[in-house]
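From first to last, the protein sequence lines stand for chains A and F.
Residue 309 in the numbering used here sits at position 309 of the first sequence, and the numbers go up by one each step.
Each position in the second sequence, counted from 1, maps to that position plus 1000 in the numbering used here.
Incorrect hints may have been included.
[What the hints assert, rightly or not] No farther apart than 16 Å at their CA atoms in a straight line, the calculated lysine to aspartate or glutamate pairs in the EDC-like style are these:
1. Lys267(A) <-> Asp337(A)
2. Lys266(A) <-> Glu1134(F)
3. Lys1070(F) <-> Asp1059(F)
4. Lys614(A) <-> Glu231(A)
5. Lys266(A) <-> Asp155(A)
6. Lys266(A) <-> Asp1059(F)
7. Lys614(A) <-> Glu549(A)
8. Lys266(A) <-> Asp1005(F)
9. Lys267(A) <-> Asp199(A)
10. Lys267(A) <-> Asp1094(F)
11. Lys609(A) <-> Glu521(A)
12. Lys267(A) <-> Asp1057(F)
13. Lys609(A) <-> Glu642(A)
14. Lys614(A) <-> Glu553(A)
15. Lys566(A) <-> Glu521(A)
16. Lys267(A) <-> Glu1049(F)
17. Lys266(A) <-> Glu375(A)
18. Lys614(A) <-> Glu587(A)
What the hints contain is simulated information worked out from the structure, not anything from laboratory work.
Predicted model only: the values in this text are computed from it and were never measured.
One letter stands for each residue in the lines below.
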Amino acid sequence: MSDIGGTALMFAFCAAIYAGVIALLGAHLRRQEMVRSAERATYGVFGLVTIAMVAMLYALLTHDFRLQYVASVSSRAMPTFYVIAALWGGQEGSMLLWLWLLAMYSALAVMQNRHRHRELMPYVIATLMTTTLLFLTMLVIAENPFRQLPHVPRDGQGLNPLLQNPLMVIHPPNLYLGFVGFAVPFAFAIGALASGRLDTQWIRSIRRWTLIAWLFLSVGVLLGGQWAYVELGWGGYWAWDPVENASFMPWLTATAFLHSVMIQEKKGMLKVWNMVLVILTYALSIFGTFLTRSGVISSVHAFAKSSLGPYFLLYLAGTLIIAVTLLVKRLPQLRSDHRLESVVSRESSFLFNNLFLVGIMFAVWWGTMFPIISEAVRGVKISVAAPFFNQVNIPLGLGLLFLSGVCPLIAWRKASARNLRRNFLYPFTLSFVITAVLYTLGIRHVVALISFAICLFVCGTIVLEFYRGTRARRAASGGTVGQAFVSLVRRNRRRYGGYIVHFGVVLIFVGITGSSAYQIEQNVVLHPGERALVGAFTMQYDHLTRVVESTHEAFIAQLTISRHGKYLTTLYPEKRLYFAQNQPTTEVALRTSLFEDLYVIMAGFEPSKTATFKVFVNPLVLWIWMGGLVMVLGTGIAIWPERRPHVPAHQPTTRQVEMSATQGTSL
Amino acid sequence: MTAIDVAIIALIAMSLVVYVGEPLVRRVSSKPHGREGDDATEGLLLQKEMLYVAIRDLDFDFQTGKVDQKDYAELRQQLERQAVQILRQLDAVDPLLAFDNEVEHQVLILRQRRAPTANDTGREMCASCRTSLEPGANFCPSCGQALRLSC
């Protein structure tokens, strides 16, 4: 079976080369059958990589330790759940998953457009296949997952214990779906540039793709944060770690694109800028993979160190050179159709939003790359820590949040001072009053107060938008408030889905603000039976027990938690020692509630059972995860297909128009 | 590698070659890989759609109180003028298409007016047969016309 997997990868390699070459040839010679053949080869690549995936899964499940990969990431004692997750627990396997997702996206994108964009598609196929080839080359030459060991070990080493967490099972596929997803918009951008079909049509085809990729990336980033929170045991969820940054950077540029693309659709402006954002997002995804995979930077994700760096850098350089050359060549055709009508308009507020997003991206990039640059230039590795990122990004982030409140209230094209006053009065008042209440309640942290004030303002504007929209709908078509509300959202899913996403972002900001401004951290040393007071919580250390499991041995402390004399819960922080890796890990004990998390880790213990606990009280962390869910909901609404398609841009037949006319009157 | 492995691999290779090569041999659609539609027309249609959306957005911004009456009138007139220009150009390129567009435009207007209208007594009446309606009715009791729009 493993031989079949390895051979399938080799075939996929050939098929990808063939698809790319024949697609370009077909475009050049204007031979449709060649492009068709290229399309089929694209499906073929997906089929072949799927065979390789199945072969790898089979090898893992049957504990085929002849394969080096299987022996290094799985063991007989591991639960089946984690044996499956081991497929992406190591370098080669995760590259294989990455490749498989890319092949799947490619096949889907090609299939979806098999009757459309005929001029673009050859270049789209060629671009997608080039990316596929990058991963295939690495898998076939450098990191073959089907490489066999000279001697078959009796058992495997098992998966890194830190990765044996349910979140880790879903976090990487999510993140990859995000990263890989940006290959499709990029391929269409290159297709548009290469074929010269630069109208707004291609942008529409990729809008949904970009949103889907963006959604997965958002969820992936948040899940990564949650994994770090519950697994790494340092009390937080985000540390500006290079690998976290690597996933955050394309998210920022993709977010910028999702906003500025609206201006191109509505006004035919910012065409070059949108191209740049698509290219940048893709380049940053590849760059992120490079950071994670090359071992250039030390990070919590130093699970994978390899010789893949040069491949990525070479590919990245090549891609950027080609993309920029094409862009420069097409500059004259990418001129804007219109100009801004007024400085105070939604268009211009979108421009500011883009500036902030890209500004944050550059700050993160600089902070991430500075250690490497300083090492290369001066020979000293200077690490850039969280304070730098916070100092730069907090003001930018808050500015961005403020804009997300301002934008919806400003009209497209033009807004007058009177309108602004009228529209901003309620949200500002709401924000001011509640912030004053928060101040009197004892919240004196300046940045936190500002952040909460902006969050309230944005909430106010979102509610106002829904309220006014519903009222306008009701005035136009009658019905109950509920009907008008549903009809409002249905008529413009993107706009109102977007507002819901903004609301999710507000929740995330509330959570970040609360947990960073008001975190309590305390170290306590306790003998069994002793108590300690942390914040409002009383923590009693009952006893320590030793448990031996199939993969590890655990020392579990029992803590009884009470507040104001009332019993709340019992927590069990653990220290584990995994046999296979001889690696100790710390299991966090967590009590989550809407207002605060009690987060306990056992830092160490002595033979006398005296234990040292590190205790954190993290306010409002739950809001971050809730915000994530709200973002998923909002994006879902925005992605959901419209019931009635837009007026077709291609020449509609009279019959079509007649049909829509009858539908229109009968509705 | 076992004999079965070899057989499976050979099978995969053969089916791949046949599947990928088939369009080349069959040459089904060897029609020239030409430009779909006319560039100029498509560009105009796109601009037209953009303008329609812009008009809709402007109306909505006005309804929700984001644009002043004066600005609204001015901007709307400006957009309408642009739309007329585009429609004229389309007319010049393809008269049939222009007719389609006119129909489409009328449909758009119709759709915007699909809401039930009120008669003199202030009660709602059916837009199709002008029967007086019960408040909140979803269909006309006389002709069955749907009254509430779900979208």
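Review point. So which hints don't hold here, by number, going up?
Key: 2, 5, 7, 8, 10, 11, 13, 14, 15 and 17
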